[in-house]
Structure formats: structure tokens, C-alpha cells
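Colleague: So you can see what is in the structure, the chains are spelled out below.
Protein chains: 4
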Amino acid sequence: MHIGLIGLGRMGGNMRDRLRNAGHGVTGYDQNQEISDVPGIADLVAALPEQQRIVWVMVPAGEITDTVVAQVAEHMRAGDVIIDGGNSKFSDDTRRAAELGERGIGYVDAGVSGGIWGRENGYGLMVGGPDETIATLMPIFEALRPEGLAAEGFVHAGPVGAGHYAKMVHNGIEYGVMQAYAEGYEILAARDDLIDDVGAIFTAWQRGTVVRSWLLELLVKALNEDPDLDDIRGFVADSGEGRWTVQEAVERAVPAPVISAALFARFDSRQEDSPAMKAVAALRQQFGGHATKAAADG
Amino acid sequence: MHIGLIGLGRMGGNMRDRLRNAGHGVTGYDQNQEISDVPGIADLVAALPEQQRIVWVMVPAGEITDTVVAQVAEHMRAGDVIIDGGNSKFSDDTRRAAELGERGIGYVDAGVSGGIWGRENGYGLMVGGPDETIATLMPIFEALRPEGLAAEGFVHAGPVGAGHYAKMVHNGIEYGVMQAYAEGYEILAARDDLIDDVGAIFTAWQRGTVVRSWLLELLVKALNEDPDLDDIRGFVADSGEGRWTVQEAVERAVPAPVISAALFARFDSRQEDSPAMKAVAALRQQFGGHATKAAADG
Amino acid sequence: MHIGLIGLGRMGGNMRDRLRNAGHGVTGYDQNQEISDVPGIADLVAALPEQQRIVWVMVPAGEITDTVVAQVAEHMRAGDVIIDGGNSKFSDDTRRAAELGERGIGYVDAGVSGGIWGRENGYGLMVGGPDETIATLMPIFEALRPEGLAAEGFVHAGPVGAGHYAKMVHNGIEYGVMQAYAEGYEILAARDDLIDDVGAIFTAWQRGTVVRSWLLELLVKALNEDPDLDDIRGFVADSGEGRWTVQEAVERAVPAPVISAALFARFDSRQEDSPAMKAVAALRQQFGGHATKAAADG
Amino acid sequence: MHIGLIGLGRMGGNMRDRLRNAGHGVTGYDQNQEISDVPGIADLVAALPEQQRIVWVMVPAGEITDTVVAQVAEHMRAGDVIIDGGNSKFSDDTRRAAELGERGIGYVDAGVSGGIWGRENGYGLMVGGPDETIATLMPIFEALRPEGLAAEGFVHAGPVGAGHYAKMVHNGIEYGVMQAYAEGYEILAARDDLIDDVGAIFTAWQRGTVVRSWLLELLVKALNEDPDLDDIRGFVADSGEGRWTVQEAVERAVPAPVISAALFARFDSRQEDSPAMKAVAALRQQFGGHATKAAADG
Numbered sequence: 001m002h003i004g005l006i007g008l009g010r011m012g013g014n015m016r017d018r019l020r021n022a023g024h025g026v027t028g029y030d031q032n033q034e035i036s037d038v039p040g041i042a043d044l045v046a047a048l049p050e051q052q053r054i055v056w057v058m059v060p061a062g063e064i065t066d067t068v069v070a071q072v073a074e075h076m077r078a079g080d081v082i083i084d085g086g087n088s089k090f091s092d093d094t095r096r097a098a099e100l101g102e103r104g105i106g107y108v109d110a111g112v113s114g115g116i117w118g119r120e121n122g123y124g125l126m127v128g129g130p131d132e133t134i135a136t137l138m139p140i141f142e143a144l145r146p147e148g149l150a151a152e153g154f155v156h157a158g159p160v161g162a163g164h165y166a167k168m169v170h171n172g173i174e175y176g177v178m179q180a181y182a183e184g185y186e187i188l189a190a191r192d193d194l195i196d197d198v199g200a201i202f203t204a205w206q207r208g209t210v211v212r213s214w215l216l217e218l219l220v221k222a223l224n225e226d227p228d229l230d231d232i233r234g235f236v237a238d239s240g241e242g243r244w245t246v247q248e249a250v251e252r253a254v255p256a257p258v259i260s261a262a263l264f265a266r267f268d269s270r271q272e273d274s275p276a277m278k279a280v281a282a283l284r285q286q287f288g289g290h291a292t293k294a295a296a297d298g
Numbered sequence: 001m002h003i004g005l006i007g008l009g010r011m012g013g014n015m016r017d018r019l020r021n022a023g024h025g026v027t028g029y030d031q032n033q034e035i036s037d038v039p040g041i042a043d044l045v046a047a048l049p050e051q052q053r054i055v056w057v058m059v060p061a062g063e064i065t066d067t068v069v070a071q072v073a074e075h076m077r078a079g080d081v082i083i084d085g086g087n088s089k090f091s092d093d094t095r096r097a098a099e100l101g102e103r104g105i106g107y108v109d110a111g112v113s114g115g116i117w118g119r120e121n122g123y124g125l126m127v128g129g130p131d132e133t134i135a136t137l138m139p140i141f142e143a144l145r146p147e148g149l150a151a152e153g154f155v156h157a158g159p160v161g162a163g164h165y166a167k168m169v170h171n172g173i174e175y176g177v178m179q180a181y182a183e184g185y186e187i188l189a190a191r192d193d194l195i196d197d198v199g200a201i202f203t204a205w206q207r208g209t210v211v212r213s214w215l216l217e218l219l220v221k222a223l224n225e226d227p228d229l230d231d232i233r234g235f236v237a238d239s240g241e242g243r244w245t246v247q248e249a250v251e252r253a254v255p256a257p258v259i260s261a262a263l264f265a266r267f268d269s270r271q272e273d274s275p276a277m278k279a280v281a282a283l284r285q286q287f288g289g290h291a292t293k294a295a296a297d298g
Numbered sequence: 001m002h003i004g005l006i007g008l009g010r011m012g013g014n015m016r017d018r019l020r021n022a023g024h025g026v027t028g029y030d031q032n033q034e035i036s037d038v039p040g041i042a043d044l045v046a047a048l049p050e051q052q053r054i055v056w057v058m059v060p061a062g063e064i065t066d067t068v069v070a071q072v073a074e075h076m077r078a079g080d081v082i083i084d085g086g087n088s089k090f091s092d093d094t095r096r097a098a099e100l101g102e103r104g105i106g107y108v109d110a111g112v113s114g115g116i117w118g119r120e121n122g123y124g125l126m127v128g129g130p131d132e133t134i135a136t137l138m139p140i141f142e143a144l145r146p147e148g149l150a151a152e153g154f155v156h157a158g159p160v161g162a163g164h165y166a167k168m169v170h171n172g173i174e175y176g177v178m179q180a181y182a183e184g185y186e187i188l189a190a191r192d193d194l195i196d197d198v199g200a201i202f203t204a205w206q207r208g209t210v211v212r213s214w215l216l217e218l219l220v221k222a223l224n225e226d227p228d229l230d231d232i233r234g235f236v237a238d239s240g241e242g243r244w245t246v247q248e249a250v251e252r253a254v255p256a257p258v259i260s261a262a263l264f265a266r267f268d269s270r271q272e273d274s275p276a277m278k279a280v281a282a283l284r285q286q287f288g289g290h291a292t293k294a295a296a297d298g
Numbered sequence: 001m002h003i004g005l006i007g008l009g010r011m012g013g014n015m016r017d018r019l020r021n022a023g024h025g026v027t028g029y030d031q032n033q034e035i036s037d038v039p040g041i042a043d044l045v046a047a048l049p050e051q052q053r054i055v056w057v058m059v060p061a062g063e064i065t066d067t068v069v070a071q072v073a074e075h076m077r078a079g080d081v082i083i084d085g086g087n088s089k090f091s092d093d094t095r096r097a098a099e100l101g102e103r104g105i106g107y108v109d110a111g112v113s114g115g116i117w118g119r120e121n122g123y124g125l126m127v128g129g130p131d132e133t134i135a136t137l138m139p140i141f142e143a144l145r146p147e148g149l150a151a152e153g154f155v156h157a158g159p160v161g162a163g164h165y166a167k168m169v170h171n172g173i174e175y176g177v178m179q180a181y182a183e184g185y186e187i188l189a190a191r192d193d194l195i196d197d198v199g200a201i202f203t204a205w206q207r208g209t210v211v212r213s214w215l216l217e218l219l220v221k222a223l224n225e226d227p228d229l230d231d232i233r234g235f236v237a238d239s240g241e242g243r244w245t246v247q248e249a250v251e252r253a254v255p256a257p258v259i260s261a262a263l264f265a266r267f268d269s270r271q272e273d274s275p276a277m278k279a280v281a282a283l284r285q286q287f288g289g290h291a292t293k294a295a296a297d298g
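Protein chains in written order, with the UniProt record's numbering: chain S, 1 to 298; chain Z, 1 to 298; chain Y, 1 to 298; chain V, 1 to 298.
These are computed hints drawn from the structure, not numbers from a lab.
One or more hints might be untrue.
The list makes no distinction among identical chains, and a pair is therefore deemed to hold if it is satisfied within one copy or across any two copies.
Restricting the straight-line Cα-Cα distance to at most 20 angstroms, the calculated cross-link-like pairs of lysine to any residue (SDA-like) are [claimed, not checked]:
| # | residue 1 | residue 2 |
| --- | --- | --- |
| 1 | K293 | D273 |
| 2 | K221 | A98 |
| 3 | K221 | E74 |
| 4 | K293 | P39 |
| 5 | K221 | T133 |
| 6 | K221 | R119 |
| 7 | K293 | Q271 |
| 8 | K293 | A73 |
| 9 | K293 | A237 |
| 10 | K293 | E272 |
| 11 | K221 | A42 |
| 12 | K293 | R233 |
| 13 | K221 | D196 |
| 14 | K221 | A189 |
| 15 | K293 | M138 |
| 16 | K221 | W117 |
| 17 | K221 | D197 |
Using the sequences and the accompanying hints, generate a full structural model.
Modeller: This is the structure we're talking about:
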């Protein structure tokens, strides 16, 4: 097949390589002209096969995705298909599919996991959309997904939105799993009187244990490179899916204490000082005359 | 009555005043000779009525309390009584009562709440020990407790240890309640586009609302003095009881998500950088090539 | 003043009484004709003073409020005012105010706290809207709020939405505070070998302690009526504000571990069986051959 | 080598097989005579090589381990070694090592992970003890650990206690990771309007995704066998290590919100009714006249 791919960053650039290595044609567009195959979006659409133009959008979630999808759609006609492979919120998919559907343009949402390793290992894919559209796109998905059983690296999760919903939950779980390892790391590191080498513990968990996982292997790599994590700050961004997972859990009355705790730990990690803890400190000072740290001390 | 009181700090000093104002005799001892009534513990015990010497120990929990109790006991004989009014762990009481009991010395544990306001308002008291010993001490408890119905400011909670157990849970609850207000404060403060004056909101909650409380009133005072809490850092100590509450909850298989979250928030507040969040940041860097903050940036 | 009041349930009915006791005219409407002053909404509006019709809507949040507001507005003209005193989401206020504003109808959102005790004690009020509209309504707010300093029971929190935002946070805090007491209750009750009477402990916390509050007093009442809470199930509804508080905290990157834990505990309390814990049990069975409880055992 | 092995249950029985398959001699003892190689502990020790008797104890943590270790020690002399491979608390190891050390008997603590799969895959091992004792035991550890790099399935974690400490943290992490998947499961299952087949989602996460792990694979197996987990109840035991992890975190002032949330979820899962939620329900009834469920309704 020959498709268009918009957004050639860390993810999109690697996906272009993987697709081409699998024998597909890819015309890529990026704002950064140095890595772009065409000067603009109109050129990209024009470069695609006449009978059906397929464009995979791989840009940051939010307004940028909306803008790019709209720009691509301008140059499309009924029967063409847009795939949003970014980390969009699943509810945005429903809206976009309806808007494009009025003009006969197909829409598929694809959750893509695997990070920078996907170029080599393949990408875990969760997609949402109508059966017939998904069927059309299968060669692309086949090329992107990891080797091995198809069902172990690709799922048609349901109608439009289901792909991003599954990816959202995937990332929510990811937050929780990472935080579990991280808390364990800190509890081990708190006992340097007893534990000789924290990295050696994680290393030894890679075979045979209940907690072995790919994330564990990555933590081992990280600890090998920087045994006490001296070169890194405990400052962690969050990219939307964790928040949506918690908000959706709340919406559906699903208790999600672990995923929310992991999310809040990230929020915490980014605060210079915590307004809430200022309030607690102020309260203690009021009732107990407890000493507080003046802001100036910090 | 005439009792001895050891430890004349923020709490003990005020208690001496309140007891004297109620007509009791108090001989106080403190390491700080400027505020001490006697030069040493031996002198303190010697100054008390022959027939029964009663000494209230009001020093920080832990080794200091153990040391002081042992020093007092050296000068005592069967029939005398020691009251530990500090924030000791309830399991220490059982041990101490057994040791002193072998020599016929009575032991009572007293949880004391009220902070610096207790001198004026009286102290909420929770005590543990044998009925007859408690009965002997009632004039002291009556003088310390707040005015009004006795049962609303004093409780004989059970055998030795029960007083500190009740106080431990009291403080665990206190952690949770403070954190609830604190989170609410931060959520309000996050919307200065909508909420004109966060302090005014808390002020208005003092009458008629479901969340009115003494802690709320203290927060109002704090916000009056420093509306944006600019002069205070979100750095909060914890003093033992919160930890013991969580550990006891875990021991008894009681879910305590709120009290533990409040405790963990305090731990967090004191960390320059979080080892756990370093691990999370390291993981994100490994799988996603996500930028991290170098420690040097901080 | 003479206003209309729609919704004469537990809250609205008591508010009608309190307003009338304060000398205001109130024409009330309720679907339940037995307690309604007029047969319909049209009649209610018609019964109000010509120069400016003011209608306070006190019905459950959500569609019902939208429907009632729309019905009232049908009979109104420029200069009239609708107050939504229910527990609406603050973002609904902005929308409604805009819609009504196109026709010149004023809109104010009012958060009302105090439960069934408000009739006697007055209601804590947090309102949002334009200064001049609020000024017009002050006699009504004055009658509803508790006695004492105005600023301690009433706040003009900000523009439209601010009243419900403040009330939302109030209820979020309420969830956290209640859960803190509840966890403390369970930890005390877990030690009937040590604590003679849990109710007596809470009773004794009413004076002098740091955790004294109105909610504590209510818990004492409840424990007096039913010392072991034998007659009540641990099944707790949630009414929207707790969810919105957590969702808003997540939206604003504010850590809210305590309020969310309190919310999740309510979700938990309503589940016959937990899908998540089924998954955990299934996992344990897979790796450890741990016995699980068959669904049929339950 | 030829060692003794006490406790031939799910874990011990499989370990005997694995050791024998590797060419080691194993004399096993179990209370259940049908699977025991010898009638009693004295016989077991007598059956071992004269020059150094090595006994691996593989019985449930707590009193049973203490009793068995004492019984074995009775028949030992200086130079012999006892290995505790159960899930003992690390602080018990220190005590036991000191007691045995007085008589010259060596002691090693071994954390063993892998569940029923260990017979085939090998066991992840974390051991604590003196270098020379560990060196002696290496042939045994080599036989038990999984194939592949030694450092990826075995670690000498530190002095006595370090093995069980590492295993404790391993299990704490395990609780958190399992709960993260479980919450994700419930959030997916809550949307059967969108997600066609929850099991298919987990299946597709096995390759390429960030959350791939052995536990994920086990969850896929479980969902294949029972797609809606209809045959299992959400009732989950906990076996000590999770509790100790949280208690140790609290002791060391390490925030552990995720691991504690996972532990509390297990506590919750075992409660017929929650005392805490009864208290919350009682409070709501008091202030709001909210309907509660009578215990009799349940």
C-alpha cells in the first residue's frame, strides 16, 4: 500500500521506517522540512493513490490533531480514510468521525504503544472503527504490529473511539505499574544498611519472578546506566491518558485508587511547593505552635 | 491535690498554669532551669505529699519518656503513680505498666489534645488504666479538661494503653481531616479565574455548613494572617501517631486510604527530590525517549 | 421580598419555612400538589411581583434543573432573575447564564449547605453572579444564612459558577473529612480488647480536641442511637460534587489523594462484587495456585 | 549436594523435583507422611551428609517456621546450615541468625518467587547471609534459579535479612502491579458499549506494548478460561509481605500510595460490610436525612 503519514517525530519517523521496510509506500509530511517528504499537506494528499487516499495522522493530541485532521480532510473526498494514531481522547474520535462521515470520509482511531522501541520490535496496536474500514487498513497494521501471533499485538477494539479508549486504559495501567516499581525502588534504597545494591535486586527479578516485565527490564537498564539515579530529577510529566483514565473511572463509578495515586504522584513531582501542604503547615502552626519553614528558608 | 509535672514546654508549661489556676499544687521540673521549680527529679519527687506521690510526665515520646519514667520510678515506692501524658505508642504503655507494676507503682497513660489553646479552653483527655487509679486522679483530670459536660472532654478509654491508642487514632483522623481541607484549599486556589478570594470561602464555611469545625476556624485565622500562605513552606513534620495509626490499621486489616494518603503527603512534603519519581522519570526516558530534567537543572 | 421557590423537598420545603419566618413572601411549587402553593410553574411566575420576578430553583442537579430553568424562563422577561440553588455542576452555570443572558434574564448560582438542620440553624451560602444581581437578592440570602457575622455564613464567591464551584469543593472536603472519621472509627472498633466503648471516645472528642467539629457531633449522635451501627449498612451514595471535585483536581493537576480515596470508598461500598478484585483473585490463582472463592460460594 | 527440605507443599514439593532433576540429593520431610521421605525431622537430619548438614525450611511464615527451625537446630551442630525459604519477615531473620549463631549454626534467608511455575521455569531467588555460607550453597541456588544469566534470576542481596527484605518489596510491588491491571480491567469492562471484548484487549497487549509482563500473560490466560470472571469472587487474601512493605515504608517515611492502595483493596475485598462505610452512611443520614440501607436489607 501507499499511505500518507503526518508527523515525523520520535513516533512517526520510526513508523515511516518500519512501514517502508515492510514494503509499503509512505509519503511523510512534517513541519520540519528537513525530514518531510513533501512541502505541505495538500502535496501529501496529492501524492497518494487516486482510488483511495489514506492518511495516518501522528501528531500531539488536542488542537493540533483537530487542525491537521481538518486540513487533510479539505483535500479529501468520499471514500478516503484518516487514521488518528496520536493519543487523542476517545470522545474526540466520536465527534471527528461524525464530522468526516458527513462527507463520506472514513475515520479510524489507533492507539499505538511501544515508544522508541517500536521501530525494531513493532508497535502494539488498538484500533477502533467500522469493520470494512479496518479491513482495508490491515496491511498497514500488519506491518506496524510486532511479529508473532496477530492477536497478541493488535486488536480491533470496537467502534470509533474504542482504540483510543483501550490505549487510554493501557496508559493508566502503565502509570500504576511504573509507580509500583518506583515505590519498591525507594523502599529498597531506604535500607542501604541492608541492601547492598538496589540495581542488583531489580536485575535478579528479570527471570522467574512474578514481577518480571518489560518495564522492569527498562528499569534495570536505567539503573545500570546510573545506579543511584543521580543524573535525573524526580520530575515527571503526564500526557493526558492518565488523567482521562481517572476521570473516566470517576464518571463510571469505578474505584481506581492505584492509577489515581500514580497520577497524583506525578502532579506532586512537578510542584515547586505544594499549596495543600502549605495549608497543612499553617494549620499545625495555628493549633500547636509547631515551627514551620518560612518560604524564605527554602 | 499536689502533683509533680515533668516537662514544661509548650504543653507542660500551660498545663501547670491551668492546674494551678484550678487550685492544685504543681511542682514542675524541666531541663531548662529557668522555668523549672526544682533542680532535679529527685527534688521533685521529694517535694510531693508523703502518702502518695503522683508525677505527670509530659516529654517527647520515645527514649526520653522511657528515661524520665525510669528516673522518676527510682525515687518512688509502692502506691505512687506515674502518668505519661506524652504521645507515647500504646504498646509502650503495656510494657511500662508491667515493669512499674512489679514494684507496686501505678501507671496511667493519658492522651492530651488541644495544643496551645488548651491552657484557655482545656484539654481533651483520653486516659487508660485501672479504675481505682483513674478515680484517684480525677481531680487532676477535672481541672485539665474543658468546661461543660465531663463526657464531652474526658474519657476513661480502657485499660493501660487505651488512652494513647485513642489519642493515636485521634491524631490519625486529624491528619486526614487537615489534608481534606488542604486539598480543597488547593483546588479552590487553582481557579483564581473564578474564585475571587479563597480565604473568604473558608470564612463563609464557619456557620451553617457541613464542614464547619475548629480546624476550619484555624485555617481561616491562618488565611487572614497570610492570605496566599506566601510566608510558609509546604513542609510538614509528622510526630509518630499518624505512622502508628497506619501501621495499626495494616496490622488489623483495616483499610485506611485517607489517613495513609495524608501521612504520605507529609512524607512527600519533606523530600527534596523523590527517589520514586526519579525511577518513574528514568523509566519514561527509557521507553519513550521522553526528556527528563537533569539533576543539575534543579 | 416575595420570591418563587421550585422544589419543596427536604431542602426546599425547609427553606420556604425559614424565608417565611423571616417575613418574606414565598410562592412554592412542587410536583407534589399536596405541598405545592400553585398548580404549575406558569402560575408561580404569575403570582410574583410585576416589576421583577425572582425564582429560586431547588431541584436535583442535572436534566431536571435544566428543564425547570427552561420552563421558568419561558414565562419570564428581561430583568427577572433565576437562582439555581441545587447542586449543579459549575460549568452548567456558565452555559445557562449565557442562554438566559441573551434574553436579559439574570442568573445566579447558589451553593447551599446545612442539610435538614438548615431550617433551624440557617444555611451556609456560596453564591456566584454579577454584583448588582447579588445585591438585589441580599435580603433573601440574609434570611437564609445562619445568624452571626454575615461573612461567616455567606460568600459572594465570584462570577456565575463560583457559587457552585465553592459548594463542589465544600462537598469534596466533606467526603474526605467524613472518611477520616470513619477510618478512625473502624480502627478503634477493631480493638475491642482495648477500647471499652468507641462511642465514648467520640463523645469525649467534642470539647478541647483538635478534631472537634459538627460532623463529629453528628457521629456522636449516630453512635448514641446505634452504638455498633448494627442497623445500618455500609452502602454510601455519592451525589456528583465529589466526582466533579476529583475530575476538576485532575483537570488542574492538583493532587487530591484524600478526596479521591473517600470517593472511591463510596464506589466500593456499593459494589456487590468488585470486578477489579476478581481480576486480582484470578491472577493469584494463575501464578500461585492460590485458592479462590467460587462465585457460587458467595 | 545432598540437602534436607522441610515442607513439601505447592512450593517445596516442586523444589524437591527441580533439585533432584538437577542431580542433587534431597531428603524431604512433610507432616503429610504420604509425600514425606522420612518419618520425622530427626530422621531427616540423620539422613544428611556427616560433614555438613544443610536443611532448607519451606513452611508458612510465622510460628510454624520458628518451631521448625528450632526443631531442626536441636539435631544440628556447629557448621551446619539452615535456610529459611518461606516468606518470613526480615526482622525475624536477624533474631534467628543470632540465636543459631551462638551455637555455630549458619543461617541464610531466601526469598523465592515464581509460584507453581517455578518447577519448570526456575525460581527467582533473593538471598541474605554471610558470603562464605552463600558460597557453600551456590550449587543449590544454581539448580533452583531459572536458566540464563545468573544475575537475572539470583541475587545475594546482603547480610541476613536482605533476602527476605528484597522478597518483601518484590511482593509489595506485585500487589501494586496486579491492582493496576485490575483497575484497568474494570475500567474497560465498564464500557461494554464501546469495548467489544476485554480479554481481546489484554491479549493484544502481550507484544510491543509498554505494559507487557508475565502477570499480563497470566491475566490473559485467566480471561481465556473465564472471559467475564464469572466463576471467581473478588475476595483476595494477603500473605504478610504486602503489610510489611507498607509498615516498613511508613517506618522509613517513604510514600507508598500505590502499594498501600493495593493492600487496602484486598482488605476491602474481604469485608462483608465495612465499619467505616457504616459510619459514613450514618453521618449522611444525620445531616441530610439521606436514606440508608438497613442492615436487614442486605
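Colleague: All the hints need checking, so say for each whether the structure fits it.
Modeller: How the hints compare with the structure:
{"no.": "1", "hint": "K293 with D273", "in the structure": "both (12 angstroms within a copy, 17 angstroms between copies)"}
{"no.": "2", "hint": "K221 with A98", "in the structure": "neither (45 angstroms within a copy, 37 angstroms between copies)"}
{"no.": "3", "hint": "K221 with E74", "in the structure": "neither (46 angstroms within a copy, 46 angstroms between copies)"}
{"no.": "4", "hint": "K293 with P39", "in the structure": "neither (57 angstroms within a copy, 34 angstroms between copies)"}
{"no.": "5", "hint": "K221 with T133", "in the structure": "neither (40 angstroms within a copy, 30 angstroms between copies)"}
{"no.": "6", "hint": "K221 with R119", "in the structure": "within (19 angstroms within a copy, 28 angstroms between copies)"}
{"no.": "7", "hint": "K293 with Q271", "in the structure": "both (17 angstroms within a copy, 14 angstroms between copies)"}
{"no.": "8", "hint": "K293 with A73", "in the structure": "neither (57 angstroms within a copy, 38 angstroms between copies)"}
{"no.": "9", "hint": "K293 with A237", "in the structure": "between (27 angstroms within a copy, 10 angstroms between copies)"}
{"no.": "10", "hint": "K293 with E272", "in the structure": "both (14 angstroms within a copy, 14 angstroms between copies)"}
{"no.": "11", "hint": "K221 with A42", "in the structure": "neither (43 angstroms within a copy, 47 angstroms between copies)"}
{"no.": "12", "hint": "K293 with R233", "in the structure": "between (23 angstroms within a copy, 5 angstroms between copies)"}
{"no.": "13", "hint": "K221 with D196", "in the structure": "within (18 angstroms within a copy, 37 angstroms between copies)"}
{"no.": "14", "hint": "K221 with A189", "in the structure": "within (17 angstroms within a copy, 34 angstroms between copies)"}
{"no.": "15", "hint": "K293 with M138", "in the structure": "neither (60 angstroms within a copy, 39 angstroms between copies)"}
{"no.": "16", "hint": "K221 with W117", "in the structure": "within (14 angstroms within a copy, 26 angstroms between copies)"}
{"no.": "17", "hint": "K221 with D197", "in the structure": "within (14 angstroms within a copy, 35 angstroms between copies)"}
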